[in-house]
Amino acid sequence: MAAHSAVLSVSKIINPFWGGRLGNTVKVFGTTLTSHRNKTQRAPPPAKYGGRHTVTLIPGDGIGPELLNHVREVFRFSCVPVDFEVVHVNSALETEEDINNAITAIRRNGVALKGNIETKHTMPPSVKSRNNLLRTSLDLYANVMHCQSLPGVQTRHQNIDIMIIRENTEGEYSSLEHENVPGVVESLKIITRNNSLRIAEYAFRLAREKGRRRVTAVHKANIMKLGDGLFLQCCREVASGYPDITFDSMIVDNTTMQLVSKPQQFDVMVMPNLYGNVVSNVCAGLVGGPGLVPGANYGRDYAVFETATRNTGKSIADKNIANPTAMLLAGCMMLDHLKLHDHASSIRNAIFTTMNENRLHTADIGGQGTTSEVVQSVMRIIQSKGQLTAEF
Amino acid sequence: MAGKAWRSAILNLLGKLGLSINGKDKIKPQEVSRVVSAFKNATPQSRTFTQGMQTVTLIPGDGIGPEISVAVMKIFEAAKAPIQWEERNVTAIKGPGGKWMIPPDAKESMDKNKIGLKGPLKTPIAAGHPSMNLLLRKTFDLYANVRPCVSIEGYKTPYTDVNLVTIRENTEGEYSGIEHVIVDGVVQSIKLITEQASQRIAEYAFEYARNNQRASVTAVHKANIMRMSDGLFLRKCREAAEKHRDVKFTEMYLDTVCLNMVQDPTQFDVLVMPNLYGDILSDLCAGLIGGLGVTPSGNIGANGVAIFESVHGTAPDIAGKDMANPTALLLSAVMMLRHMGLHGHAKKIEAACFDTIRDEKVRTQDLGGNSKCSEFTDAICQRVRDMD
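Protein chains in written order, with this note's numbering: chain U, 1 to 392; chain W, 1 to 388.
Treat the hints loosely; a few may be bogus.
Chain U is faced by these chain W residues, among others (derived, beta-carbon under 7 Å) [unchecked claim]:
#, residue
1, Met-226
2, Arg-227
3, Met-228
4, Ala-241
Quick caveat, the hints were computed from the structure, so don't treat them as lab data.
Please read all numbers here as calculations on a predicted model, not as lab measurements.
Where a beta carbon is used, it is the ideal one built from N, C-alpha and C, also for glycine.
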């Protein structure tokens, strides 16, 4: 025991010189020792490859590359120990080589940050949506989005705080279509018990973790009796295991109507894929637009972070007017996932200060700032808080 | 010609022109001359209706349906609208062969009159027979559901200046009702998109835009994910757009429409879309102007059939208590008058309704007041009479 502590104290002195060499072994011993001896001392975060994480970065199309560059800039500036492995996916190609490379990279790294990959209609139907392929191959079954009213943003409704959990792999997005008779196309919507149970379980667990009181299932079981009926049944089954959380259900058309008149009544919402698309876009619109809300796709083994509404934004690409907030906040969610909470909070606080106190807004939320101005402001605020930063 | 043959010849002619006269009544000379003059001065509209009494099938429905139907009939009487009501019931009955169908007298009435006004119908979740609305749709092939959403002055919502129309394909799509359990725990629901139905709805949307002086039509779809089905729908819309160059055509993803709708609904004009998206979006737009209690709706079918309805529920909790709001059914009836070419009466009744709501003195509970349905109805009747 004494020998170990001696190694530890000695390594503290010689660490500046031997950092890389001795660092790893000390850290390995250090974690076990500190966890046994000093509970008050925080254990270092799970690191890979010498203390730095590697994250896959998929720039995508439209405003994706521009905004992700800003994210990298902010991370580099704040000395975030994350290295990005950039994988380009060309949406104009018909082969799936590019997207398969991206999927392999994500499997390797476990975490990714991505922009939206455009799906061109002019391609034959066999060329599936790249984003969808990514989600289904990695089995990222839960899409989580947290919509919160921000005090600095003018919207018609206030005090919105809704968490949306959307099933991400099946439902209407199964991409199973065929034309049996010319002029008649059938598209299959698949609902399975396993996936419905899984997403319901995820929703309730998340609700409990975050201290939420109510989970609402959104469905259309009066028309799609078997499909959405199964989904609803699974949600009810899972709800019975969480007696502390209230469970109710609402039909999707009524939900959208309630959302535009009284969105404050919703707490956590869980739903299949297509309704999730509609509801999440409505909620994003209610809190201020697509430039503000980050989204996360979680699977059992992988996590991919992006903007919640997955817009390509072709019309505003490369004009320096896009809102970097959503992508930056997605980056912060990623940092939280990697347990780099300090960095996540400092960047997040800087973003909110810029938005709510300095009121530096981009065009989509009614301001006149440019993307780079907002990013510079964020970096300035991070620097002013006295943390370690790179050169400006 | 002998008297009876002459009489039946006139009856036939009048019947062809859409004027139904009970065989037992004497034909009044004024009515005949009115009919003949209308026939001579047929205005070049898409529909020519005679200026005599037009019979309309009225389906009061369940819950608050009967009360609000009575309210509408009273208002129409006060406005002296040339409408004769024929009340019918549409509870599902099992026909020969085990297929569920609507009562034959209701079907006959609708086929004869072509125009109908319907109150809310109960949709049971598990009662063995399909939803009544679905049955009506299938019986009359009501392929287009049209919902104009206009902000009501005097009923404040966070959204002002909403003025759009949602046209929704009403027969197929995700609501085909075809579902199977493949294996235990896996359910498959089929979304059907056909060329014929998509073409029909697209053509109707452009025609509606043209007839109602609307500037643009936007097709709402999700063709990036459902490439073949929504792709087909989109292609048909594009083809219809080619034929109607005077109306602007754009296409937008469903999620973009939702996003933009809650931020700035004024950018939309006419929206055309398949069934499910239409259901969600039309209710979203109804929410923007104040809910289903104030939203009119019309269903256009093949063979010139048109059924106008109120889309709210039956509200069993307030049924029979004189608390219901007849605005939705009234505005649907106004839509019906416009469809029939009776623009003068439509304008009068609509103005009376909006003025009463704007006045804020007599409002039903759902609009924030505490008046009774009968009081609200009487206020509108009074205004209508004052307008003459």
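Hints versus structure:
1. Met-226: Since chain U brings a Cβ to about 5 Å from Met-226 (chain W), closer than 7 Å, the hint holds.
2. Arg-227: Hint holds; Arg-227 (chain W) Cβ to chain U Cβ min 4 Å, cut 7 Å.
3. Met-228: This interface hint holds because 4 Å falls under the 7 Å limit.
4. Ala-241: Hint violated; Ala-241 (chain W) Cβ to chain U Cβ min 15 Å, cut 7 Å.
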